[in-house]
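K.L.:
Each chain, letter by letter, is given below.
2 protein chains.
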Amino acid sequence: MGGSLGIDLRQTGSYTVLGISRQAATCREAIERGVVDDASVDLQLMAKADVVFLCTPLGAIVSTFTQLLPYLSPETVVTDIGSVKQPIVEAIAPQWQNFVGGHPMAGTTESGLDAALSGLFVDKPYVLTPTAATPPTVLEKVESIVRSLRARIYHCPPKTHDQAVAWISHLPVMVSASLIAACSSESDPQVLDLAQKLASSGFRDTSRVGGGNPELGLMMAQYNRLELLRSLHAYRNQLDQFITQIQQEDWRSLELQLMTNPKTRSQFVG
Amino acid sequence: MGGSLGIDLRQTGSYTVLGISRQAATCREAIERGVVDDASVDLQLMAKADVVFLCTPLGAIVSTFTQLLPYLSPETVVTDIGSVKQPIVEAIAPQWQNFVGGHPMAGTTESGLDAALSGLFVDKPYVLTPTAATPPTVLEKVESIVRSLRARIYHCPPKTHDQAVAWISHLPVMVSASLIAACSSESDPQVLDLAQKLASSGFRDTSRVGGGNPELGLMMAQYNRLELLRSLHAYRNQLDQFITQIQQEDWRSLELQLMTNPKTRSQFVG
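Residue numbers (this note's numbering), protein chains in the order written: chain A, 346 to 615; chain B, 346 to 615.
Be aware that a few hints might be false.
For identical chains, the list gives no copy identity; a pair is met inside one copy or between any two copies.
Once the Cα atoms are required to be at most 25 Å apart in a straight line, the calculated SDA-like pairs of lysine to any residue come out as [as the list claims (entries may be wrong)]:
{"#": "1", "residue 1": "Lys469", "residue 2": "Asp550"}
{"#": "2", "residue 1": "Lys608", "residue 2": "Arg549"}
{"#": "3", "residue 1": "Lys504", "residue 2": "Pro480"}
{"#": "4", "residue 1": "Lys542", "residue 2": "Glu600"}
{"#": "5", "residue 1": "Lys486", "residue 2": "Gln586"}
{"#": "6", "residue 1": "Lys504", "residue 2": "Leu388"}
{"#": "7", "residue 1": "Lys608", "residue 2": "Ser546"}
{"#": "8", "residue 1": "Lys542", "residue 2": "Gly557"}
{"#": "9", "residue 1": "Lys469", "residue 2": "Arg355"}
{"#": "10", "residue 1": "Lys504", "residue 2": "Leu574"}
{"#": "11", "residue 1": "Lys469", "residue 2": "Ala369"}
{"#": "12", "residue 1": "Lys504", "residue 2": "Thr609"}
{"#": "13", "residue 1": "Lys608", "residue 2": "Asp550"}
{"#": "14", "residue 1": "Lys542", "residue 2": "Ser463"}
{"#": "15", "residue 1": "Lys608", "residue 2": "Leu537"}
{"#": "16", "residue 1": "Lys542", "residue 2": "Val467"}
{"#": "17", "residue 1": "Lys393", "residue 2": "Lys542"}
{"#": "18", "residue 1": "Lys486", "residue 2": "Thr589"}
{"#": "19", "residue 1": "Lys542", "residue 2": "Leu484"}
{"#": "20", "residue 1": "Lys608", "residue 2": "Pro419"}
{"#": "21", "residue 1": "Lys608", "residue 2": "Glu435"}
Simulated from the structure, these hints should not be mistaken for laboratory data.
Please take these sequences and the hints and turn them into a complete structure.
P.N.:
This is the structure in structure tokens:
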């Protein structure tokens, strides 16, 4: 993600892009490929930065910021690209006034320099999560950079962001992961074998995100725990309603719910 | 589906295909398009048939068979293409010895003559569900026709079929339908609005089958009720396990489960 940011920001011609990596080889490669203007393993390089994007995995954002803190000049604006915002904002904002949380929703499942793509953010959502304490100039500065990526910018409080992504991103992972685990619990080997042979596009699509990177699933559960639990409880209530309708052969209620779904879904993924 | 069968069976050059429709216009069109050799609204046409495929929607298969019964000659072999097998087999087999249930798993969501496609069954599963009472010659006759469609043939008891499709076809619909309904239950309009704007491929794939044809969802729940409930209960147990792990911050157990999922999924949709 950091690589994709570097490529696009350099292409605008408006920015000098400096990169930090733990690996000297990654720094050299990033410079050679033109992903950054300069790169170093030494955090001191960030002393020159006007705006710092923290692009580590979610679990390393706050500790990376803490390491960086001694090198930052007081006017430097800091932002991050973590997929959960409340714990990040709560940890960093009290230590750094010129901070605003961000979440570009344009990932690939790949990571590293090889995954860096030009134009990754175009027309993709990029959520910024200022609080009442965020100076307007800080928000404006990050927003002007994000605008140059041609992303669709949204603003909201960190908690609103985390609740929204719980519904449309983190809940689907758990729903889908439960499907895979439940299907494999079948104890009759003949049924399990046949199910494996007959599975096709319906199972494929519904199980896709639950069969993805386990570290990502774990991380979203750890960092967005309360909002994910909130959506999981609402989901279980809905599931129980369907189970009860089917048990009681209340076909009219089941049909009414199923009939509203195509339209409801189109409001999310029109 | 009946139209696709007609197209492929005629193309083999080995069969004369006769069709029945309620609409005279459909009969004329099927003949003109070369989907059938002859067609009629009059069930009498089936008196000439060696093998009859019942291709109505699930809810009309048994009643169509009952209407057809007086016209059939005793040697005629009957099969159907319904997506649930136990209730169909239990209703028809006692009345017609030369019956074997079938389920070609190659549908499109479209129906009618316009959806008829050549080669629809190639490399797709086609399950045949003989019972102990099915004469081997009946199975062989239907199987030789299905083989000419170049489908992948599986045999199993009707109940095994219904349990397998409950897992990989009917459960995913309810899992996915619950996701759509749960997400739309969000009561904070700002969160709901943001969730709708941020939803992308993860939500799109996981919600696809739950936002499909409500009649199909209802029908599978009605006809495969007990097996669907069996899989729904196993699913809810698995979901509850995830919820408990997240509530108790039992990250090791959650991670272990998520880590087995990619491999488990590949056994279904390798």
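K.L.:
Work down the list of hints and note, for each, if the structure agrees.
P.N.:
Taking the hints in turn, this is what the structure says about them:
Proximity of Lys469 to Asp550 under the C-alpha cut-off of 25 Å is found in both arrangements, the shortest distances being 22 Å within a copy and 17 Å between copies. Taking the shortest alpha-carbon separations for Lys608 and Arg549, both the intra-copy value of 23 Å and the inter-copy value of 13 Å come in at or below 25 Å. Taking identical chains as interchangeable, the C-alpha atoms of Lys504 and Pro480 lie at most 25 Å apart only when both belong to the same chain, with a minimum of 19 Å there against 65 Å between chains. For a Cα distance limit of 25 Å, the shortest separation of Lys542 from Glu600 qualifies neither inside one copy, at 30 Å, nor across copies, at 27 Å.
In this homomeric assembly, Lys486 and Gln586 never come within 25 Å of each other (Cα to Cα): the closest approach is 48 Å inside a single copy and 45 Å across copies. In this homomeric assembly, Lys504 and Leu388 never come within 25 Å of each other (Cα to Cα): the closest approach is 31 Å inside a single copy and 64 Å across copies. Taking identical chains as interchangeable, the C-alpha atoms of Lys608 and Ser546 lie at most 25 Å apart whether they share a chain (22 Å) or sit on different chains (17 Å). Taking the closest pair of Cα atoms, Lys542 and Gly557 come within 25 Å of each other both inside a single copy (21 Å) and across two copies (23 Å).
Within a single copy, Lys469 and Arg355 get their C-alpha atoms as close as 19 Å, which meets the 25 Å cut-off; across copies the closest is 49 Å, which misses it. With identical chains, the CA atoms of Lys504 and Leu574 are at most 25 Å apart within one copy only, with a shortest distance of 14 Å there and 36 Å across copies. In the homo-oligomer, the alpha carbons of Lys469 and Ala369 never lie at most 25 Å apart, since the shortest distance is 31 Å inside one protomer and 51 Å across protomers. For a Cα distance limit of 25 Å, the shortest separation of Lys504 from Thr609 inside one copy, 24 Å, qualifies, whereas the shortest one across copies, 34 Å, does not.
Taking the shortest Cα distances, Lys608 and Asp550 sit within 25 Å of each other both inside one copy (19 Å) and across copies (16 Å). Within a single copy, Lys542 and Ser463 get their C-alpha atoms only as close as 39 Å, which misses the 25 Å cut-off; across copies the closest is 23 Å, which meets it. Proximity of Lys608 and Leu537 under a CA criterion of 25 Å is satisfied inter-copy only: 15 Å between copies versus 34 Å inside one chain copy. Only between protomers do Lys542 and Val467 lie at most 25 Å apart by alpha-carbon distance; the minimum there is 15 Å, versus 40 Å within a single protomer.
Taking the closest pair of Cα atoms, Lys393 and Lys542 never come within 25 Å of each other, the shortest separation being 59 Å inside a single copy and 36 Å across copies. In this assembly of identical chains, Lys486 and Thr589 lie within 25 Å of each other by CA distance neither inside one copy nor across copies; the values are 53 Å within and 42 Å between. With identical chains, the CA atoms of Lys542 and Leu484 are at most 25 Å apart between copies only, with a shortest distance of 21 Å across copies and 53 Å within one. For the homomeric pair Lys608 and Pro419, neither the shortest alpha-carbon distance inside one copy (50 Å) nor that between copies (49 Å) is at most 25 Å.
With identical chains, the CA atoms of Lys608 and Glu435 are never at most 25 Å apart, being 37 Å at best within one copy and 37 Å at best between copies.
Hints 4, 5, 6, 11, 17, 18, 20 and 21 from the list above are not met by this structure, while the remaining hints are.
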